[in-house]
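Protein chains: 2
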Amino acid sequence: MDTPRIVIDERRLDTNIEDMAVMARKAGVALRPHIKSHKLPQVAHKQLAAGACGITVAKLGEAEVMAEHGIKDIFLANEVMGSEKFERLSALARRIRLAVGVDSLEGAQALAEGIRAHTGLDVLIEVDSGLRRCGVEPGREVVSLAQEISRLENLHLRGIFTHAGHSYGAADRAELEKIALAEGKVMVESARELRQAGIDIEVVSVGATPTVAISAFTPGVTEIRPGNYVFYDAMQLALGVIPSIEYCSLRVYSTVISHPAPKRWVLDAGSKALSLDKGAHGHSGVEGHGIIIGQPKLRIVRLSEEHGVAEGESMLQVGDVVEIVPNHACTVVNLFDEVEVWQGLQRQVWEVAARGKSR
Amino acid sequence: MDTPRIVIDERRLDTNIEDMAVMARKAGVALRPHIKSHKLPQVAHKQLAAGACGITVAKLGEAEVMAEHGIKDIFLANEVMGSEKFERLSALARRIRLAVGVDSLEGAQALAEGIRAHTGLDVLIEVDSGLRRCGVEPGREVVSLAQEISRLENLHLRGIFTHAGHSYGAADRAELEKIALAEGKVMVESARELRQAGIDIEVVSVGATPTVAISAFTPGVTEIRPGNYVFYDAMQLALGVIPSIEYCSLRVYSTVISHPAPKRWVLDAGSKALSLDKGAHGHSGVEGHGIIIGQPKLRIVRLSEEHGVAEGESMLQVGDVVEIVPNHACTVVNLFDEVEVWQGLQRQVWEVAARGKSR
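Those protein sequence lines, which keep their order, are chains V and S.
If you're matching positions, the first sequence starts at 1 in the working numbering and goes up one per residue.
If you're matching positions, the second sequence starts at 1001 in the working numbering and goes up one per residue.
If you are wondering where the hints come from, they were derived from the structure by calculation, not from laboratory data.
On a predicted model such as this, the values are computed, not experimentally measured, just so you know.
Heads up, the beta-carbon is just placed ideally off N, CA and C, and yes, glycines get one too.
Keep in mind that the hints are not guaranteed to be accurate.
[Said to hold, decoys possible] These stretches of chain S come out as covered by chain V in the derived footprint (C-beta under 8 Å, 3 or more residues):
| no. | segment |
| --- | --- |
| 1 | 1012–1020 |
| 2 | 1080–1093 |
| 3 | 1133–1143 |
| 4 | 1218–1229 |
| 5 | 1242–1249 |
| 6 | 1342–1349 |
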């Protein structure tokens, strides 16, 4: 087997997709999974078949690829800026049901102006539930921006959304739960303040894989947007989101190309295959650069571009192939042009169709 | 301008290529640049036109792409393992002048066996000059492996090579120079020990952009293999390899998509555009995740997949476009399908032909 390559266990993938769909139904919320994790139309269609109401993307380029592959309902959970982007956004909104994030009056005005040729676009206000990235403060700032948006002719406020990405930096399970509860609470309270101000919204959307099993159950939350759950990875394991590495459906296969010292082995997977991520936002408590299956005393201590250096104790020899559960599956898939998908003895190769679509 | 995108200044690129070629001629060594930094056949051909004797690659897939684009002399500076790879290696060796690295008897035997259908292959022994990645120890171990290789029928020992990548972790200029001097010294001494054992080699090859201006001048060194110098980046600046950011020929253009707090700006370039590198091997003394041109009081403090969070003081507004010199240009190019190249008012788009060729 030629390495490095991504190998996905399709049965485990399907189980992960089904488990999340069951959880969403139980919580009574819509599921709109984030496809930035897999960038694979095949997986998006599996998620829709399992009951997802549509998908979420991070970039317009991802939305365009998914629309080309027949996805009809997309939320671009990000602020979009620039005249070329506004034109592409207008073109896409004519073809599918589309919504996009906003978090400022300037942004909303530029968007309204930029898509003026188009008859209208749904927007959701991004609320900062603690990540300190994009988003307005919960409560009063949400109401104020919503009122301003209501005066813009061709934008329609569909709802509010947040991403509690700071949960990836939680020190322990208790802190994770606290973040998840706060995520739901600030969103529901903001929705209530909007109603009190006479603004009715359809969608109150939360979601990050580590928090979603808790925040989905907050009464008043209507939608969740987890992404990573299709694969899981070493950081979800370190965070305690999953109980076992067996939940991880994606592995990077790599070959030992050198064993130059008694306690050092060199793999043919470096940062251009495994990425340098230690978490999705800050450090998620992982050790090393991925977990080598069946090698509990071996740790990947360093990555250069095309080499992974493992140190510890092992019987591995030059030429042996190992399976690695990466720290962060979402950035790993983005490095490969294709993934190999196994179901029993059947092997398929899927192109990572939305790879590199950062624009 | 749609962002994030890579923009290369072709005049500066050409100057960087010419400067290194002049330095190599002055030192009296062959220049065999490493193309893993740019992955662009157009740049490889510029390097050859400026006097390079051939190119260096990290992966077989890169070699195949470069051969397809007319490059006839390639050194694969890495250990190669696996039957599929041996077949591809044999096929390529029939078409071009090819050499590959070895650092163990098992590896050399597997290689000799794997390419048995082929009439022969040049190899270079990798020597560890301090990086502690691949490579045998200098001196006696080199001689011992060389003697074993001489008994393998279809391998021909062309020389020895090393990569002083640990120079990227040098604390200051003095340590950098010490590493560069040691790099040349251990290689020349190993070559002398080989000659004393009756083994004549043609090539003594060193090279990393931070050390090459020193190690190239060690008498007995015959070849250098720098890569990053075509672009330079924030880590080369932090290491003192270049005196000014003006040497950096590659920039990532990014748009401010949000300004949610007085001292925070969010850019549309995250780790999927800028990479998380703080250096090529360990930390190179950079601050933040790239340098924003003209914004001395702004630092990119965090990257998530598609967002860069900048904090500090600035007059930037939502919609403004900034230019970023990334920490590590080599991993940034690998994230993009194409680069934009400007010469005066002429704009070209080049496909990153060897992108993602980790196999």
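These are the hints, each one checked on the structure:
{"no.": "1", "hint": "1012–1020", "in the structure": "violated (count 0)"}
{"no.": "2", "hint": "1080–1093", "in the structure": "holds (count 5)"}
{"no.": "3", "hint": "1133–1143", "in the structure": "holds (count 4)"}
{"no.": "4", "hint": "1218–1229", "in the structure": "violated (count 0)"}
{"no.": "5", "hint": "1242–1249", "in the structure": "violated (count 0)"}
{"no.": "6", "hint": "1342–1349", "in the structure": "violated (count 0)"}
Checked against the numbered hints above, the structure breaks hints 1, 4, 5 and 6 and satisfies the rest.
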